[in-house]
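Visitor: Here is what each chain is made of, one letter per residue.
Protein chains: 2
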Amino acid sequence: MFGHTDIEKIFEAIRKKQKFAVMTGIKPTGQYHIGSLITCNEVLYFQNLGGKVYFCIADMEAYLHSSVPLKEGHETAIDNIADILALGLDLEDSYIYKQSEEKEVLRLAAIFSKNVTYNMLKGIYGEQAFGAYQSALIQVGDILLPQLGDYEGPLLTVTPVGLEQAPHARLTRDLARKQYFRDLYGFKMPSFTFHQILGSLDGGDKMSKSAGSTFLITLSETEKTLKKKIPAIITGGRDTKQEQIKLGGQPEICRVFDLYRFFFMEDDKVLETRLQDCKSGKILCGECKQDLFSRVNTFIEKHQEKKESKIDLAKQILEL
Amino acid sequence: MFGHTDIEKIFEAIRKKQKFAVMTGIKPTGQYHIGSLITCNEVLYFQNLGGKVYFCIADMEAYLHSSVPLKEGHETAIDNIADILALGLDLEDSYIYKQSEEKEVLRLAAIFSKNVTYNMLKGIYGEQAFGAYQSALIQVGDILLPQLGDYEGPLLTVTPVGLEQAPHARLTRDLARKQYFRDLYGFKMPSFTFHQILGSLDGGDKMSKSAGSTFLITLSETEKTLKKKIPAIITGGRDTKQEQIKLGGQPEICRVFDLYRFFFMEDDKVLETRLQDCKSGKILCGECKQDLFSRVNTFIEKHQEKKESKIDLAKQILEL
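Listed in order, the protein sequences are those of chains A and B. The opening residue of the first sequence carries number 9 in the numbering used here; numbering runs sequentially from there. The opening residue of the second sequence carries number 9 in the numbering used here; numbering runs sequentially from there.
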């Protein structure tokens, strides 16, 4: 996390053991990938501190933004939910729903449509198609859903997002702040945390499903696919072995090092040692990737085993 | 009715005793008035011929277009429903709902938002606020609701509208015609009838709640208010009594004659006699208005009596 809006309120609620909600979601456009783990870990962190998770399957957004038919989104969602359950989501303290089935979200989006102008939307999102703006209003509906009377009533919420999603935070707060809605719903201003975004394997800015599966590691990789993907990850290695032994690697531009840093080397001392070994040329990229491969492979194997046992439950949740 | 789109299909269904739906609605922005009776009579006509009525309380539209809060719309809706029940709607063959509570309508509106462009909306409705376009998509959702699988499945529908609502017919047919939706929902192209619009009492183009209560006759007028309103109706009378006896009246520009023609003189022969008596100067505006007063007053008194007995039922329907 490197930025936030109003997070102090949430930490105060945690200290005072007061109720709060953690609002998050996933677009059912493909398999869960390692980039999404950043948000997921933060959500689980807040759940462990007492937050109730509102987990939205953003299937309408997937249709409006990425042309994924709702039926296809449904199948993907089952897979995604099995992942998040395997990752440790506590169902007892969660509310999982699909946008396309949640009347109150669609209703809020329709109501809010009166209270925006093209200039406001353009100022926040740039020039977009009509459906993309509609999709933005639906997301505002998601973020404010936990505050409705039929749900938790007005309460504190925190939504962890990547920095690229800061516009949603802005639009949500702009709408929640309007006197008409404060009178009607008693909204408390929603909090947001902004976290770093994992880059794509080829050095791109963001590990994202929309860029295609070559550039990301999903939680469904096999040993075989990992053996192809990990050697191809862009590193901070030099042109030749000799050069690298002499000059050392450049971990600051290395996606392998990012993966260690974010997920696969929890012990800070071990991470620091690896950083030094890289910079001094003691460890070369091949060996470092070999190590990464075995860590990722072990993680995914264990995850898949847990996930397998959650598929039926995921189906039940979505087909209620 | 002076125009239609695809009405032949409906008459064929009636001949063959096949199922069809009559889709209509009312914006809960005020009391039912005589102008709305035109649509209402047509809806009841189709219901008598075997159509199932889908009656929408357009409360979201009332909010988006006319800033009527949903709660206020709810109270007005109860009154409106009591009116339509008193006018003869057969509940056995009706489905009455509020837009703001009908998930499938909100859902269709969201889905359709992907399939419109600003140019398309601007071409149909002119330059409008974002919420007004949203409202238009919600109306498309209403018109296609009876065709969804959870309702009547793909079936013929007819929607009677005033000519000023022709744009909705166009947008609805434009969207229903898209291959993606035809594949998904199996939509049959919806039919529309276009009818004349009753003018406002002061000579304006349309009797409409938005112009204010001075210019319309509601179904809740009292003898006292009628005694003020009817004398003030604009007629085709001449400047002086002498002139009118000599030249005759001008029923073609007379709102009193419109009221006879539309509602208060069912017998065509009687209407024709009145027309001639007016044109020949035999009957003057004062006497003609006196006659109108007693007919309207009797109609409203009888209606109010019937309506009184329907209020509780109307509440029940909307507060389910």
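Source of the hints: derived by calculation from the structure; they are not laboratory data. There may be inaccurate statements among the hints.
Pairs involving identical chains hold if they fit within one copy or between any two copies, as the list cannot separate such chains.
As the list claims (entries may be wrong) - Cut-off 20 Å, straight-line C-alpha distance, at most; resulting in silico cross-link-like pairs (SDA-like, lysine to any residue):
1) 236 <-> 220
2) 79 <-> 188
3) 122 <-> 78
4) 290 <-> 273
5) 106 <-> 158
6) 79 <-> 122
7) 79 <-> 187
8) 122 <-> 140
9) 111 <-> 326
10) 290 <-> 328
11) 25 <-> 219
12) 236 <-> 207
13) 287 <-> 176
14) 79 <-> 161
15) 27 <-> 238
16) 111 <-> 122
17) 237 <-> 173
18) 122 <-> 176
19) 232 <-> 246
20) 79 <-> 186
Visitor: Does the structure break any of the earlier hints, and which numbers would those be?
Guide: 10, 11, 13, 15, 17 and 19
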